[in-house]
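Each residue of the sequence shown is one higher than the last, beginning at 1 in full-length UniProt numbering.
Read the hints as simulated data drawn from the structure, not as lab findings.
In this text, all values refer to a predicted model and were calculated from it rather than measured experimentally.
Be aware that one or more of the hints could be misleading.
What the hints assert, rightly or not - With a straight-line cut-off of 25 Å between C-alpha atoms, the simulated SDA-like cross-links for lysine to any residue are:
1. 300 x 290
2. 300 x 278
3. 175 x 47
4. 175 x 68
5. 175 x 49
6. 300 x 280
7. 175 x 70
8. 58 x 169
9. 390 x 420
10. 58 x 48
11. 117 x 71
12. 117 x 86
13. 390 x 469
14. 58 x 70
15. 58 x 180
16. 58 x 177
17. 300 x 311
18. 58 x 148
19. 58 x 188
20. 117 x 169
21. 175 x 138
22. 390 x 418
As the list claims (entries may be wrong) - Now the in silico label distances, taken between C-beta atoms and shown as ranges:
23. 54 x 161: 39 to 47 Å
24. 55 x 109: 34 to 42 Å
25. 403 x 313: 35 to 43 Å
26. 55 x 86: 36 to 44 Å
All C-beta atoms, glycine included, are put in the ideal place defined by N, C-alpha and C.
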Amino acid sequence: MSTATGSGPGAGSSGAGPSGWLTRFRRLPLRSRLALLTAAAVAVAVALAAGACWFVAKEQLGNQRDTTLTNVQPDEDYLRNLLSNCGARPPGLPPAPNAYTVQIITANGVVCTTPGKSPITVQAEDLAVLDGRENQVLHDARAADGTRLRVATSRNDRLRNAAVSVAQPLSDIDKPLQSLAVVLVVTAGVGALAAAMAGLGIARAALRPVDRLTDAVEHIAQTEDLAVRIPVDGEDEIARLSRSFNSMTAALASSRDRQQQLIADAGHELRTPLTSLRMNIDLLARSEETGRALPPEDRKELLASVRAQMTELAALIGDLQELSRPDGPPDGPPQVVAFHEAAERALERARLRAAGAGLRIDARIDPWYVRAEPAALERAVVNVLDNAVKFSPRGGTVEVRLTNGELTVCDEGPGIPDDELPHVFDRFWRSPSARGMPGSGLGLSIVARTVRQAGGEATLDRAEGGGTIARVRLPGAPTEPPPLG
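Put together the whole structure using the sequences plus the hints.
Structure representation (structure tokens):
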């Protein structure tokens, strides 16, 4: 028993069906596809035009032939001589007019045809004229020798009980039509070939900017050089694509620079507490290894320093995690948040720190609702208050106001020089006078980022009479949040 292999409907059809040709077409270069599509479109248009031209010519020639046949009236003497000498051509009988085939059909069944011409097969249409049911008919017929003819049969008043047929070979029109068809086919082929060449040239010219863009993308992929820019000329789609590509590479370059700067700054900020922490731990470990115990006060001071450095590292890592989030609006719809409640919670934490530093906080908070992320908003207010408490002198006062969506925090510290004000919201930036104080330089960056995401603005200026005044402006929400339950 034998088993047929590969004989199913799909066997051997890879690439042979429409899907296979479509797959091959998609694998072609873009300019080749454009050239082929252009040639195909022109070929279809030329073929349709040529076909319409051929059919119109055929219809016009056929109508002209039928009109001519119906208007041909053989001479009366010719008809009588033809009828009287049926079957033979006597001397002196003139030829048929314009070389047409003339045939007389009589009521008694006699058919007389032009001498030298093959008799035409009599059809029902001819008999209808003979019987008086029709005055004139047009139809196709065949002669006895097989020649295809166009026949016009009509009654003749001069001949009683007889019908006269005038016929012309169909080849008289078919041959010119065949010649016209050949000319049209050749013309269509030449037009399609010319269209393909023109389409290829047009595709090359049109895709030249795309080639430049492709070269730039490949160069960036190979070298990671984001400084490449594509020349932009015009306002078409390619120009828009080039501008978008330039904007994308510029944004990527800026993002990479910020990332590298963030890594460098984070490494610099982490190095100091890690170095100090390692030294303290090494000192404690050496004391244990050598058996020489540290004095209780020194040991207590070292442990307190270790705890402080670990707290500083934890805060720095938390700030880095906050800054690593996408710099854009939070996921999901923004929530309606009570700005005054977030400020009150932040004030509770700030008062604890202020009490330890001998400071007084004077606050007046008015209700205000905003659209923001609750935790991020509270943390931003905490950072502003902590900054004011940290730089205020002992016994000073920190004034906090929230009115019409603007939170102002004014301290009595040394203030910020004018040349340093543009940098206060930069990541890891710290004033030279504050380098010895705890902090990572990320607090105000987080404030600016959170306020910007909520659609507001944060500023820091010198206060009148000394100190610094921080302002956080946030647009109000359209309505208050609905009560719980």
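Structure-based check of all given hints:
1. 300 x 290: Cα-Cα ~19 Å, so holds.
2. 300 x 278: Between residue 300 and residue 278 the Cα gap is close to 16 Å, so the pair holds against 25 Å.
3. 175 x 47: 20 Å, holds
4. 175 x 68: With Cα atoms ~18 Å apart, residue 175 and residue 68 stay inside 25 Å; holds.
5. 175 x 49: 21 Å, holds
6. 300 x 280: The given pair, whose Cα atoms are some 11 Å apart, holds under the 25 Å limit.
7. 175 x 70: Holds, at roughly 22 Å.
8. 58 x 169: 15 Å, holds
9. 390 x 420: 18 Å, holds
10. 58 x 48: 15 Å, holds
11. 117 x 71: Holds, at about 21 Å.
12. 117 x 86: OK: residue 117 and residue 86 at ~12 Å, within 25 Å.
13. 390 x 469: 14 Å, holds
14. 58 x 70: The hint holds at about 18 Å.
15. 58 x 180: OK: residue 58 and residue 180 at ~10 Å, within 25 Å.
16. 58 x 177: Distance ~7 Å between residue 58 and residue 177 Cα, so the pair holds.
17. 300 x 311: 16 Å, holds
18. 58 x 148: 16 Å, holds
19. 58 x 188: 19 Å, holds
20. 117 x 169: 11 Å, holds
21. 175 x 138: 21 Å, holds
22. 390 x 418: 20 Å, holds
23. 54 x 161: 39 to 47 Å: With Cβ atoms ~44 Å apart, the hint holds.
24. 55 x 109: 34 to 42 Å: 40 Å, holds
25. 403 x 313: 35 to 43 Å: 38 Å, holds
26. 55 x 86: 36 to 44 Å: 41 Å, holds
The structure shown violates none of the earlier numbered hints.
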